[in-house]
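Take the given structure of chain A and dock chain B to it, following the hints.
If you read the protein sequences in the order shown, they are chains A and B.
Here the first sequence is numbered in the working numbering, starting from -3 and rising by one per residue.
Here the second sequence is numbered in the working numbering, starting from 6 and rising by one per residue.
Be aware that one or more of the hints could be misleading.
Here are the simulated BS3-like pairs of lysine-lysine, each with C-alpha atoms no more than 25 Å apart in a straight line [said to hold, decoys possible]:
#1 B:K30 / A:K256
#2 A:K284 / B:K53
#3 A:K276 / B:K47
#4 A:K256 / B:K45
Hints listed in this document are in silico derivations from the structure and should not be mistaken for laboratory results.
Treat the numbers as computed from the prediction; the structure is a model and nothing was measured.
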Amino acid sequence: MKEFVIALVGQPNVGKSMLINAIADARLRVGNFSGVTVEKAEVRFVAQGHSIKIVDLPGTYSLNDYTQDERVTKEFLENEPYDLIINVVDTTNLERNLFLTTQLLELDKKMIVALNMMDEAQKEGMCVDHEQLGSILGVPCVKVSAATKKGIGKLLNRAIDMFQFPHEKSKLIYSDVVEEEVAKIVLFLEEKRYKSAFTYRDIALKLLEEDVKTYHQMRDEPLWLELSLILKEALEHLYLHHESKDVSEIFAQERAAFAKGAVLETLTCKKCTSSNMTEKIDAILIHKVFGIPIFVVLMWSLFQLTFELGSIPMEWIDMFFVALGAYIKTIFGEGALGSLLADGALSGVGAVVMFLPNIVILFLGIALLETTGYMARVAFLLDGFFHRFGLHGKSFIPLVTGFGCSVPAYMSARTLKNDKDRLITLFIIGFMSCGAKLPVYVLFVGAFFPQEQAGNVLFLIYIAGALVGLIAAKFLKRFVFKGVDEPFVMEMPKYRLPSLKLIWHTVVIKAILYLQKAGTFILAASMLIWFASNYPKYPEIEAEYAQKIELAQSDEAKASLENEQAKVLLEKSFLAMIGKSTEGLFAPIGLDWKMTVALESGLAAKEVVVSTLGVLYALGAEVDEESEGLLEVIQKEIPFASAVSFIIFVMFYLPCMAASIVFAKESGSYKYLAYLFVFTTIIAWGLSFIGYRIALYM
Amino acid sequence: MIMLSEMNPGEQGIVSKIDAQGELKQRLFSLGLRKGSQIKMKASSISKSTLEVEVGSTLLALRYEEAKMIQVRV
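For reference, chain B alone in the conformation it holds in the complex:
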């Protein structure tokens, strides 16, 4: 189990837990990021402040802080 924020580009796994609350959780949900989704780290911007991940066939951008709330089973 690692946090999404700790994953390196190219690594993938399955989301096991999302620590987010309320609206953020709903948002992630409707974008397809939820418990059990396949997730793959694609890229990060300089200093890892923003991350690009692939969930299903959707590309998402999120911040390091949000990625820290998402637990992944590699």
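Chain A with its partners taken away, still in its complex shape:
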């Protein structure tokens, strides 16, 4: 059975992702912000006996390849095979949306226009004659509302209908001036009985638009001699009329005029109470004085919430894993297998799963910021400030995404058109502490600061990371990536209430991915670290201690001997060998070999930092404490100054392996990854050194 491919195209913030979700209940992210669907997303399903694939292309304002996203869309539309375009438009902003539609019409493919957000348009008193619009555009128009799921079935039926019938060419009608000149050229071609696979109208338009390929073809024809004269005159008429010699501008004007005309003829406003909700909200949220404080308070609340609310289930999860570990040991015994499962697998995975509530709250917050349209306002507020540091207001998007995860953050930097702006942003994304670093902070902050201060300290860590990032950006702009600034022009989408279902989807996917990582990658890494910390075996030492323990008088003495044995064995393990071989590099910043190993394993994934600590400290402490949490152990075993140094190092050093690979891809070269490694390591080490020395005197 042949599969039909539908390309979903539209401008940003028209509810494209929501529509594809409504069609196939797909798990896609929906956003109000440019760059949310950076990669093309696909959905496959069967309807009425046809198998259908819908490809969701990145939102684009026009086909002029301005940003990388737009280039992706343009390249797909021009080169990939597909059967039908569904052009999603925001009915409440019809004129601007139809500008893209006019460009799509020129691709000469089967197309349907989906008039989305019909419910909103009706609320604003707009009435669209979709049949009339369809006849003007020459393609069917269907009213839909992705939010209320109305019209979706009709849209699909229409698409399936279109598959059955041959393509009918739609005709874009230009202004009288252009049409006149087109008619002249067409007449000339007719008179000459010129033979071509294209229609005369197409050839005429292409020539007027200065299409290079067409010129190449026509230049070899004998009729070129006469045609060129007609063409020259025609172009001069156009120049005169449009007061410009830029043909692309003239045709853009023409298309815009067409779009305007189409809207004038088909859109009627009954009352036209263009909702000024957005205006009212903007009056507060982008207020000159209060705008930025409001933003800071919102971010601060998010981090408070992350810590305070997250800490409640965190304790339960911790207790659950400790209890489970003890239970497993009663089944599998204290031998190698029991230890591998309880001390290796469980304490590693447990240490990571413990932070699930925090992660969920943080991602929920970021998803809310994105889908409501507030992110664009923040970019507006911060651009003046960012600009001073050599960044772009839009850098804010990848930077804030970086607080969630660096991987999508690196990818969303594509919305920055200028290569240098993008590279600077890419270099400092890692300084925005990602979700996986949160467990490290929560653990250490929880261990060394009183509960009521913990939220503030956490907030401070994030702010400090961001500030260092800004300074680093300034440095890079000044000395490394010098050049002109990218212009700052962006849409401020209307405020929209997010669809709860979609937010829920987004967060659930994040949670599942996190748990999957914990169940696979972290599990394997934890067992590996357990092995490295338990082997090689030293039977003679064990025998020696067994003898001593036997001879010990009191239980207390026995316990302390057992503890001592565990420590001695750990110091001789593979892990200690690795840690100790690099210990010298980390000694000046106050880190022992255990912390060094934790940092090194964090290069694989930041979650592994905590799970490594979990395994290492669980082994050292299991003897005298039966069921003590990791937090208390850390508190007891690690000096305050070293903890400070450790946190700072984690804040700034190289992102995880997955992120590093994406970084190399997005920056365009592995050379930059090497630079990033050097750059981040120097900053991390230097700042840790300073932090450590200061903390020593505190």
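Just chain B now, kept in the frame of chain A:
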């Protein structure tokens, strides 16, 4: 005739000339900002570094430097 950058919040007019080049011009175009568009200054950030304007039914943010390239007939 004044420059967009000189307009105060609440003032409106019609775009009469855009001095931008190439890609920026195309960009403004596809966002609906072109010769003949209705334009209204909505707000500015501190020190007027970033401006919010309304073009048709679209809200746009642009920098002071870009607004200097846009001539408006009030």
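The hints, checked one at a time:
no.	hint	in the structure
1	B:K30 / A:K256	holds (19 Å)
2	A:K284 / B:K53	holds (9 Å)
3	A:K276 / B:K47	holds (12 Å)
4	A:K256 / B:K45	holds (19 Å)
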